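Start from the sequences, fold in the hints, and give me the full structure.
Those protein sequences? They're chains V and E, same order as listed.
Going by the UniProt record's numbering, the first sequence opens with residue 1, and the numbers climb by one from there.
Going by the UniProt record's numbering, the second sequence opens with residue 1, and the numbers climb by one from there.
Be careful, since some hints might not be right.
If several chains are the same, the list does not tell them apart, and a pair holds so long as it fits within one copy or across any two.
DMTMM-like mimics (lysine to aspartate or glutamate), calculated; alpha carbons at most 20 Å apart, straight line [what the hints assert, rightly or not]:
hint, residue 1, residue 2
1, K344, D310
2, K364, D300
3, K313, E26
4, K194, D40
5, K344, D220
6, K313, E217
7, K206, E217
8, K206, D238
9, K330, E33
10, K206, E196
11, K344, E214
12, K309, D266
13, K344, E82
14, K309, E214
15, K313, E214
Honestly, the hints are just simulated from the structure, not real lab data.
Here the structure is a predicted model, which means the values were calculated and not measured.
Number of protein chains: 2
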Amino acid sequence: MADVITTEYRLASEPALRAFAAAALEKVGVSSEDAAIVADVLVAADLRGIESHGVARLEPYYVKRIQAGRLNPRPAVTTVRETPTSILVDAGNGLGHPAGKRTMDAVLAKAAEHGAAFGAVRNSNHFGIAGYYAMQALERDMIGIASTNSVRFAAPTFGRDVMLGTNPLAFAIPANREPAFVLDFATTTVPKGKLEVYQRRGTPLKPGWAIDREGNETLDPQVALTGALLPLGGYGVDNGGHKGFGLGLLVEILCGVLAGGAFGNDLPLPDDGPLPGRISHFFAAFTIGGFRDPLQFKADMDTELRAFKDSAKAPGQDRIYVAGEIEHEKTLFNRAHGVPVHAKVWNGLQSMAADLGLPFEIAKR
Amino acid sequence: MADVITTEYRLASEPALRAFAAAALEKVGVSSEDAAIVADVLVAADLRGIESHGVARLEPYYVKRIQAGRLNPRPAVTTVRETPTSILVDAGNGLGHPAGKRTMDAVLAKAAEHGAAFGAVRNSNHFGIAGYYAMQALERDMIGIASTNSVRFAAPTFGRDVMLGTNPLAFAIPANREPAFVLDFATTTVPKGKLEVYQRRGTPLKPGWAIDREGNETLDPQVALTGALLPLGGYGVDNGGHKGFGLGLLVEILCGVLAGGAFGNDLPLPDDGPLPGRISHFFAAFTIGGFRDPLQFKADMDTELRAFKDSAKAPGQDRIYVAGEIEHEKTLFNRAHGVPVHAKVWNGLQSMAADLGLPFEIAKR
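Listed below in structure tokens is the structure:
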């Protein structure tokens, strides 16, 4: 399952990459505090091997949207409603990462005091990997949950309109010696980027991934890109497509509807023009100590995760991975060897640096 | 998607069926309070069209297990740990339904006071449909979550050992005029009962459902029944099988590990002999009022659910169903016309009534 790091990749220094990403955002008006948070979330994605959500998105998703006036670099972030165990934040059409991290911080503080708390953010923008926010709970011996809606790419079961985002859900649960359980997944079968990869390669899609504009399943990547993604479980109900659709709609409700943000037909399509931040996020945390001694729980987590990892393998497989394990190993490897950045992304960052008048010194030495 | 009610089904009176189920449980020593809860959960499943979890299970899962001494009809249920926002209950190897319902009641009371709460139950048994407990939140304008682990039927991604239950997750979110959103799904692609149906029919399975004993995908129902179910998303990772595995393991952790119950290799296999209740459950609830005015939220839920239902249909489809909608319509229909009970199940109940010395007057008049 691990991606092979070929010569198409160059290795960046982790602190230099983080500093560069932050500097670029500061150049377009983001406060240094906010820029540092965004940079940390993006580099965390690259460290975890989730390139699609890393520094590759710095320019197109954040810098350019700020430059185009679509996203406010200095938003007025306000708390709309707050109780001892809940908080609803309006991100003021700012970057999703600082609003997300700070709201999860507030949720964790409330949960530390009261045992459990929930949070939501509206009027926000793309916040990177959902897992980052769920993982904020780990060091506090809590279980963390994070989610976000997104621009629309997917159709409901039995439908053909593009109605749902890839709507990821993330859960983070600490262990002791084993890496934490971190489940962070899109509720569509595959992300849109996968269709693009198959289009470039000229290879057919797998069944269960996408439909054409008329709502028929298609294996043609070009046709699929003008159609819609399918929910986890695929076409129709035979393989549980209605479960994936249900999960996607759950995320829409917990984010858009609960936060009082955009949802349903008001959620933007990918090709909609400049739109103010219509993305919403959802967070939750609760203390393990409310149920069991955290040390005992984490020791049991080790036993549990090992039971699965040590179980018999399917033919041709030599490992069973539990959620978050690959990303944890990649993080350790990339921390030691440098953060792999695809050559195209590297060159893009370099030319953005030139445009912004920034030094570009990210190479691992 | 609706099941056709043929002459294979007979119609029972809802109150008579509930009273009969309760009487049968009382006959084997269950208290009248507990018996009434079990009966309500079972009949709710039949009303919702989830026959597999209804009165069909009354004798094999509950009455016979009590008679065999596997399940304690008068358990000592104890609260192991409790905080203002959490509760951990030991069900004393009793029926799962009363322990589940009362723990969710406690979670809802805590959430009503503090805004959010979580609960878990260990040393329990099969509790019927998870959706029942999540739906307890609806009338209180809360969002409810319920889950349970189960005996093992499924293999992890890249594995071949039977390691995971069907591990359902349920979420209930209220709406106003629209039926509530109730997502209640097994984290395997299909339930084990589906393999048995295909075996009886002699038709091949679909890809993505099951593996043989060696861990290869199989379409042969007989072979699959000696193998394992696959997680939602199917074989390997191409269609997101690792996501379904992650969800199944999440449920195992939130139930078995968090509750301090059985998990991993200690969780029973279906053919294990008489085992004390090693099943655990998980519950959560939080108030909508912590985020928004509940009336406004529920009006927005109507808009949201209608947006999906009114969106364009795939070829050959005339409806898009949101989670819980079919079950809601079946409940209304069955309430009006009688609860459909399969002739085989009906006859089984009748012979159990004779064995227990109970009158059998469940027919709808």
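- Task: State the violated hints by number, sorted upward, taking the hints as numbered earlier in the document.
- Result: 1, 2, 3, 4, 5, 9, 11, 13
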